[in-house]
Amino acid sequence: MGARSRRRARGQTCGAQSGVKDWPLWEVFLRARGGLSHRHVGSVHAPDAELAVRHARDTYTRRSEGVSLWVVPSAAIVASDPGQAAQLFDPADDKVYRHPTFYTIPDGIGHI
Amino acid sequence: MDGALPLPAPLRSASLSLAGEGEGLPFPEGRGTAPEAQGEGGAQSRASYALHLGDDALILGQRLSEWCGHAPALEIDLSLANLALDLVGQATSFLAHAAALQGQGDADALAFHRDVLDFTNCLLVEQPNGDFAQTIVRQFLFSTWQHLLYQRLATSTDPTLAAIAAKGVKEVAYHAEVSADWVIRLGDGTPGSAARMAAALDWHWRFVDELFAPADPALVAAGIAVDAPALRPAWDARVAAVLAEANLATPAARRAVTGGRRGHHSEHLGHLLAVMQHLPRSYPGAVW
Amino acid sequence: MYTTELSKPAPTNVVPIAEDPARLAAFEARVAADDFVEPRDWMPEAYRRTLVRQISQHAHSEIVGMLPEGNWITRAPSLRRKAILLAKVQDECGHGLYLYCAAETLGVSRDDLTQAMLSGKAKYSTIFNYPTLTWADMGAIGWLVDGAAIMNQVPLQRTSFGPYARAMVKICKEESFHQRQGYEIMMALASGTKAQKRMAQDALNRWWWPAIMMFGPPDANSPNTAQSMRWRIKRDTNDDLRQKFIDVTVPQAEAIGLTIPDPDLVFDEATGHYRYGAIDWEEFYAVVRGEGPVAKERLAAKNKAWDEGAWVREAAAAHAAKRAARKAA
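Line by line, the protein sequences give chains A, B and C. Number 112 marks the last residue of the first sequence (the working numbering); no jumps. Number 288 marks the last residue of the second sequence (the working numbering); no jumps. Number 329 marks the last residue of the third sequence (the working numbering); no jumps.
These are computed hints drawn from the structure, not numbers from a lab. Computed from a predicted structure; not experimentally measured. Hints may be right or wrong, so weigh each one.
Here are the simulated DSS-like cross-link-like pairs (lysine-lysine), alpha carbons at most 30 Å apart as the crow flies [stated by the list, open to error]:
1. 173/C with 170/B
2. 167/B with 170/C
3. 167/B with 173/C
Residues from chain C that keep clear of chain A, each with C-beta distances beyond 10 Å, as calculated [stated by the list, open to error]:
4. 21
5. 133
6. 150
7. 157
8. 188
9. 232
10. 252
11. 256
12. 260
13. 273
14. 276
15. 296
Facing chain A, from chain C, some residues (calculated, C-beta under 8 Å) [said to hold, decoys possible]:
16. 41
17. 97
18. 316
By construction, the Cβ of each residue, glycine as well, lies at the ideal position given by its N, Cα and C atoms.
Let the sequences and hints guide you as you build the complete structure.
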C-alpha cells in the first residue's frame with residue numbers, strides 16, 4: 001500500500017508527546033439515504049472502531065448527510081494499481097456488445 | 001422579572017442542607033404547602049420548573065464552550081462542541097417556555113439579565129472544566145441523569161415540555177453514551193488517567209444528590225414535572241455498571257452540597273455569568 | 001493563499017529531482033485535460049511536495065482559526081449568536097480534519113504535520129495572528145476573512161488533486177453560512193446603537209487590510225505560480241483574487257453604511273474595477289515571519305492544549321490496546 005503502510009510499519013515516535021499516531025486512520029463511508037450505496041467521504045483518526053464511528057458521525061454528518069456509516073481501517077483497503085489501470089479497465093471499452101444499445105430490434109416488437 | 005422567579009428559602013443555605021436525613025430538599029418556593037398546579041401560583045411554579053431545566057442546559061453548554069480550540073484532539077473538539085450546541089439549543093427552548101409561562105421577557109432576557117440568586121441550575125453543571133477527566137465525569141453524571149429525565153419528561157402533560165424532551169432525548173442519549181465511553185476509556189486506560197478519573201469522581205460526587213431533589217408535588221401530581229427521586233435507582237445502576245467496566249470505584253456516600261435550585265450557588269457561577277452576560281449588560285437595549 | 005509563497009524567503013523548490021520525462025509528459029497532459037490525480041497515481045515529487053505544503057497550511061489555518069473566534073463564544077450577546085458561533089467554529093475544526101485527511105493521502109502523517117505547526121515551522125494564514133478585540137470582530141471575520149477564503153476556495157473545487165478538490169467541495173458548501181452570519185452580525189451592529197456602529201466601523205478598520213493581504217503578494221511573475229497554475233494547484237493569481245474580492249466587498253460595506261479604511265479607494269469606470277491603496281507588504285512579511293500581534297499567543301495556546309491533552313490520547317490508545325488484547329485472548 002505504498003507510503004502509508006511503510007510509515008506505519010516504521011512505528012517510530014514523532015516528537016516527545018504521544019500524538020494521534022496510536023490512533024490509526026479509518027476510511028469513512030456514508031449512505032445518504034435508504035436505497036443508496038455507501039460512498040467514501042473521507043477519513044478520521046481513532047484508537048478503535050467504536051470511537052471511529054463516533055468521530056465519523058461528528059465529522060461527516062453535521063448537516064444530516066446520511067443514515068448509515070461504515071468505518072474501515074485504511075490499512076485494510078486493497079486498491080487496484082493505478083499503473084495497471086490500462087490493463088484492468090481499457091479492455092472493457094471495446095466490448096460494446098455488452099450494452100443493450102448495440103442491438104437493433106425493429107420497432108414493432110415489444111418487451112425486448 | 002422580580003417576584004416571578006423562585007425565591008431562595010430564607011433560613012437555609014447550601015452548607016446546611018443535608019441529604020439523606022429524611023427531610024428531602026425543598027422545592028423551589030421553599031414553602032411548606034404545595035401550591036396549586038393551575039392558576040397564578042401554578043403558572044409560576046411551572047415557569048420555575050422550565051427555568052431550572054433551561055438553566056442546567058445553559059450553564060453546562062457554557063462550560064463546554066470554554067473548551068473550543070483547546071481539546072486534546074481535533075475529534076474531541078468536535079465532540080465537545082457538538083454537546084455544547086445541543087445543550088444551548090435545549091436551554092433556548094426551555095427558557096423561551098419559562099418566559100412565556102411568566103408572561104414576560106424571552107429566553108435572552110432570562111439568560112443574560114438574571115443574577116446568581118435567580119439562577120436555578122444544579123451545582124454540578126457550574127463546576128469548572130478542570131482537566132478532561134473532570135469535564136467528562138461531570139458530563140457522565142449529568143447526562144446519565146438527563147437522559148432518564150427526558151425519557152419521562154417526553155410524556156409530560158405540558159405539551160411544550162414534552163416536545164422539547166422528545167427532541168432532546170435523542171441528543172442526550174448520545175451524550176450519555178459518549179461520556180460513558182470516555183469514562184471507560186480513561187478509567188481503564190493508563191494508571192495516570194485512572195488516577196485523574198478517581199479524583200474527578202471524588203470532586204463531583206457531592207453534587208449528585210441535588211439532581212434527585214423532588215419537584216413541586218403539585219406539578220408531579222399533574223403529570224407536568226418528573227418525579228426526580230424515582231430516577232435514582234436506574235441512575236445508580238447505570239453509573240455502577242459503567243464505573244465497574246471502567247475499573248473505577250464508586251465513591252463513598254458523603255454529605256451532599258446543594259443550594260443551586262434555591263439560587264445559592266458555588267463561587268464559580270458569579271464569574272461564569274460575569275463573562276456570559278457582559279455584552280448585553282454593558283449595552284442595555286442593544287439588539288445583536 | 002496557502003501557497004509556498006508563505007514560506008518566503010526560504011527556498012521553496014529544493015533540488016529539482018530528475019523525473020522520468022515520459023511519465024512527466026503524460027502527467028502534464030492529464031492535468032491539462034482537466035483530469036484528476038488520485039493518491040496512488042504517479043506524480044512528480046515537486047507536485048507532491050507543493051500539495052502537502054499547501055493542503056497542510058490550509059488545514060493549520062482552519063485549526064488555528066478556531067482560536068480568534070472561539071475567544072468570543074462564551075461572550076456571545078444572545079443565545080442565537082452563541083449557537084451560530086459554536087456551529088461555525090465547529091465547522092472550522094471539521095474543515096481542518098477534511099484537509100489533514102486529504103494531506104495524509106499523500107504519505108504524510110497528521111502527527112508530523114501537527115508537530116510542524118506546533119513548532120512554528122509550518123505556516124498558516126497570516127490573518128489568524130491578529131487579535132479579536134470586540135464582538136464586532138466576529139462580524140468582520142465572517143464577512144471578510146471567510147469571504148476571502150471563499151474567493152480562493154471556489155476555484156479550487158476543480159484543483160487537480162482529487163482528495164483536495166473533494167475537500168474543497170465540502171468546505172465550500174459549509175463556508176457560505178460562515179460569511180452570511182458574519183455579514184448579518186455587521187448589519188445588526190451598523191443599524192444599531194451609536195456604540196454598536198462605532199464597534200462595527202472599528203472592526204472594519206482593523207480587519208480590512210489584513211484581509212486583503214490574505215491573498216498574498218503579487219505573484220503574476222513568480223515561477224512557482226506558473227508551475228502551480230499549470231498543475232491546477234493554483235487557479236488564479238493572488239492579484240486577480242484580491243481584485244475580485246475588493247470589487248464585491250466594497251458595495252457590501254456601502255450597503256450597511258460602513259466605510260472601507262482606504263482613502264485611495266476609487267471605482268474606475270474605465271475598467272469596471274476598484275482601484276485601491278498601497279498595501280504594506282512589510283507588515284505581511286513580518287506576520288509570515290512569526291511576528292504577528294498574537295502569533296506567539298496562538299501557538300502557545302495550541303501547544304498548551306496539545307501538551308495537556310497528551311495523557312488523554314495515550315489513555316485512549318492504551319485502552320484500545322487492552323481491549324484488542326482481551327479479544328485476542
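Hint check:
no., hint, in the structure
1, 173/C with 170/B, "26 Å, holds"
2, 167/B with 170/C, "27 Å, holds"
3, 167/B with 173/C, "26 Å, holds"
4, 21, "17 Å, holds"
5, 133, "30 Å, holds"
6, 150, "17 Å, holds"
7, 157, "15 Å, holds"
8, 188, "25 Å, holds"
9, 232, "18 Å, holds"
10, 252, "26 Å, holds"
11, 256, "28 Å, holds"
12, 260, "34 Å, holds"
13, 273, "36 Å, holds"
14, 276, "36 Å, holds"
15, 296, "20 Å, holds"
16, 41, "5 Å, holds"
17, 97, "5 Å, holds"
18, 316, "5 Å, holds"
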